[in-house]
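Each chain, letter by letter, is given below.
4 protein chains.
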Amino acid sequence: MEQRARVLIDCIDRKGLVYQISKLFYDLNLNIVSNREFVDKETKRFFMRTVVVGNFSTEELKDKLNSITKSDANIKVVPPAKKSIVIMATKESHALGDILIRHYDGELEANIVAVIANRDNLKDLVERFNIPFIYVSSDNISREDHEDILLKELKKLNFNYIVLAKYMRILTPKFVSEYQDKIINIHHSFLPAFIGANPYKQAYDRGVKIIGATAHFVTNDLDEGPIIAQDVTPVNHRLDWRDMQQAGRDVEKVVLSRALKLVLQDRVFIYGNKTVVF
Amino acid sequence: MEQRARVLIDCIDRKGLVYQISKLFYDLNLNIVSNREFVDKETKRFFMRTVVVGNFSTEELKDKLNSITKSDANIKVVPPAKKSIVIMATKESHALGDILIRHYDGELEANIVAVIANRDNLKDLVERFNIPFIYVSSDNISREDHEDILLKELKKLNFNYIVLAKYMRILTPKFVSEYQDKIINIHHSFLPAFIGANPYKQAYDRGVKIIGATAHFVTNDLDEGPIIAQDVTPVNHRLDWRDMQQAGRDVEKVVLSRALKLVLQDRVFIYGNKTVVF
Amino acid sequence: MEQRARVLIDCIDRKGLVYQISKLFYDLNLNIVSNREFVDKETKRFFMRTVVVGNFSTEELKDKLNSITKSDANIKVVPPAKKSIVIMATKESHALGDILIRHYDGELEANIVAVIANRDNLKDLVERFNIPFIYVSSDNISREDHEDILLKELKKLNFNYIVLAKYMRILTPKFVSEYQDKIINIHHSFLPAFIGANPYKQAYDRGVKIIGATAHFVTNDLDEGPIIAQDVTPVNHRLDWRDMQQAGRDVEKVVLSRALKLVLQDRVFIYGNKTVVF
Amino acid sequence: MEQRARVLIDCIDRKGLVYQISKLFYDLNLNIVSNREFVDKETKRFFMRTVVVGNFSTEELKDKLNSITKSDANIKVVPPAKKSIVIMATKESHALGDILIRHYDGELEANIVAVIANRDNLKDLVERFNIPFIYVSSDNISREDHEDILLKELKKLNFNYIVLAKYMRILTPKFVSEYQDKIINIHHSFLPAFIGANPYKQAYDRGVKIIGATAHFVTNDLDEGPIIAQDVTPVNHRLDWRDMQQAGRDVEKVVLSRALKLVLQDRVFIYGNKTVVF
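Chains as they are written, first to last, in the working numbering: chain A, 1 to 278; chain B, 1 to 278; chain C, 1 to 278; chain D, 1 to 278.
Treat the hints as calculated values from the structure; they're not laboratory data. Among these hints, one or two may not hold up.
The list makes no distinction among identical chains, and a pair is therefore deemed to hold if it is satisfied within one copy or across any two copies.
Cross-link-like lysine-lysine pairs, in silico, DSS-like; alpha carbons within 27 Å at most [unchecked claim]:
{"hint": "1", "residue 1": "Lys123", "residue 2": "Lys76"}
{"hint": "2", "residue 1": "Lys201", "residue 2": "Lys261"}
{"hint": "3", "residue 1": "Lys41", "residue 2": "Lys123"}
{"hint": "4", "residue 1": "Lys156", "residue 2": "Lys274"}
{"hint": "5", "residue 1": "Lys15", "residue 2": "Lys261"}
{"hint": "6", "residue 1": "Lys41", "residue 2": "Lys70"}
{"hint": "7", "residue 1": "Lys156", "residue 2": "Lys82"}
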């Protein structure tokens, strides 16, 4: 039966690689719908995202690609189906709301499995969209104990990615290591400017003329993970830091949704602390 | 002897094309430095720009690619060498000056063969850079006669592209047909808005909040040729049309230089009235 | 009792005007929180938006300003209170949803009185936010009859502005004249490029490298009303027109919400076919 | 005799200030061509830039403004005349070249008194424009001794501002204190990201998706002075750091020229570590 798949390859580059891969596609009688490649000169790493259509077995295709690319490769053959996501938030509704509307609209290639928050004020909004809201209060509890409860809740769920839609707490290395390359965060500054707390206050104090937002994968270094998308908006002396915060929200939500879409479409490869985005 | 070349392919898409091309590169023992492909779904046309390094004969490579892609294809194998350009201008120096500085700096992959103008006030600037300035006055002469002199001058020169750096006269179909796909223009608006004369005045009268500039190949339809690059800048009620014109100049020069670089690097494919820009 | 107000003045400019106005503020013992002025050189028209705080009678302040500025002036003294809006939509949820979320969040200085649509598929979304949804089908009915029903519904409501959040029908002069300077529309192109139907298809066919959106007041000339805000996003050959439509939606919703906020904060003055935006 | 002037006021805000200033303008029978005001809420500081036309004595106007604003104020009454600038550079020609072309074009409200460089390779370019080139080699000499020679050369010249057009050496506090608020620098990053050496290499290593440039006044804290203008340009994984450097140059030159124009038009007020830009 004819099917469509995204073939994702990330391996050491060598001569003949594209030839062997395209020969395989040809031999399997696959149509190439789109193809993007990149070789990182510094690390000699090869990245490829090809959408193919044809009559093939996913396992067979994967095996054959593995035998071409050898042991170091990451090979995925992914159907263009919806993925599952869990959203974590705190109290602000703009980034969460934007994802909820897109989800409602059918625009996202994702099912929202649940929204988890450390405060309860977003409960009402989330439940208006018939999405489970899990409230895990962070009051009067240590960071570790709080995360233990979060992890217990998360273990019950089936999902591909965690989206931090303005989740305002720092995650411990333990938590992050459980979901390596699976957590997408929106940071409310143009990283690496204004790492840490209250970047809009920092931006105001510094007198910048542009503010921004950064969507990135979460690693154990605060605000230092691989960047997926960034955008900016102009500001001027008339904006105090709360005005900047307000102006920044529009950038935050657009950047987070853009990054989320790219990830859901399997367009983002992580290598070291960077990304290739096709 | 090892050499580097840009392989440019533009042909009807069919299954096995990438396989056959990459097999050829492999059989010829070529290293692929970079590769970009695109298939236009609407017209089923395939575009490819590959930079290869190896020990090969350009003619042989071209012949073999032609035998793969069949009769309808445009195949080019281009060395990454400087091209020659002629600049045509009228009286404004910002776009011309930007190109002159980049050329002086060695930033452009181009030799400027000459600057031709229908006024003489740019002579001094051009000659400061030791570049031939050819003055063909458009006063008291018909458009056709003026162009005849221009064409006569151009025939004496050897060049790949004509760059209209704010050349403020409309070219006749005769002139354009002599240099099909070889003339790059900067139009001082965000096309297709404000086609024709004094777009900044039109933009001011319309009360737009953003103005722009468009670099495009010249065809016989005024301001309707394939677009290479566009950019914009915000404006507001405080700018009168001369202020907009001034603000627009920075966009014009940046967009023209960006488009010129893309063309000089053989990154631009024309198809119908559009471009693929790799 | 101390109160805050936005003083909005739009009149013919003359020497001494600022002096007389600022003298009045001084004599009334008002604090100036912020002040923006502009004189349009072409029409010699003066615009001023001043936020004042003090112990004053709105009527008295207005009367005294009128006696300074004389008969041609538009003087408003507006409290910084929420305004009421009616949203009109058809079937797309992105622009509507963005306003609903901002409204839910308390970010908008507005109460949404109702959403009126000519299709019923947005009913579910609107009612999740407990906002009245008025369905006036446009099927099997003339444009005039449809608008008669709309007008009847609107007459029952109390509101300051109508927001067309992707309302996909053209309004007749009769309708527009009922709500002069009160209807805000989002047009899905960077006006004046691509006036009329399916601008994304037009943009795709033209091969532009940037697409945009325009928020404007509605007048009787299609897509020709005074522009409030515009923004753009880059596109390239890889996007077909549906991809452009999708990319455009993010611009549309951001631009409409930005324009709406400016209007709600009384920052937008209309003069002729243009706006002053403070 | 009728003259035009820019009135620049920067003082502590208090009630009645605008009234008294506008009364003065009225009493002196001055026409207000344009007016911009701003009150910084945090520091209660008032800023005003008014362009007036009339028959007045500059000294008298200044004295009367001083008696209104009291002792803490900075009052300037500046004719809209060309200012004089000295450019300092090292070896890159793009920012310098952009200023040279604008100056040649008459676009800048400035005379270039001289270009001073610590290398000699820009001599040829500068002299093509008949501008004095002063070469003060920084080889085999201490920073202090080098600056002593620079200062000696600068003392011979008459100028309003020093423009660092990619001058790649850090200035000592002694040098900076000699020209407080008079030195404009272009930093090749979106400050405060990537302070210090080789920001493009830093940006590449961090994997950012946007790079930028910042024009600022120079203070004793490296790259920490008041920001005048910033802009950005998108990048992606295909650009290595030299490509980013190249892409960044276009932003650098545009931002520096924009900042320079704002300063030359007396639109920039410094307060603390920030600027008000009218």
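These are the hints, each one checked on the structure:
1. Lys123 - Lys76: For Lys123 and Lys76, the Cα distance exceeds 27 Å both inside one copy (36 Å) and across copies (41 Å).
2. Lys201 - Lys261: The answer is between: 23 Å across copies meets 27 Å, while 29 Å in one copy does not.
3. Lys41 - Lys123: Classified as neither: same-chain Cα gap 48 Å, cross-chain 36 Å, threshold 27 Å.
4. Lys156 - Lys274: neither (31 Å within a copy, 51 Å between copies)
5. Lys15 - Lys261: neither (33 Å within a copy, 29 Å between copies)
6. Lys41 - Lys70: within (20 Å within a copy, 33 Å between copies)
7. Lys156 - Lys82: within (20 Å within a copy, 44 Å between copies)
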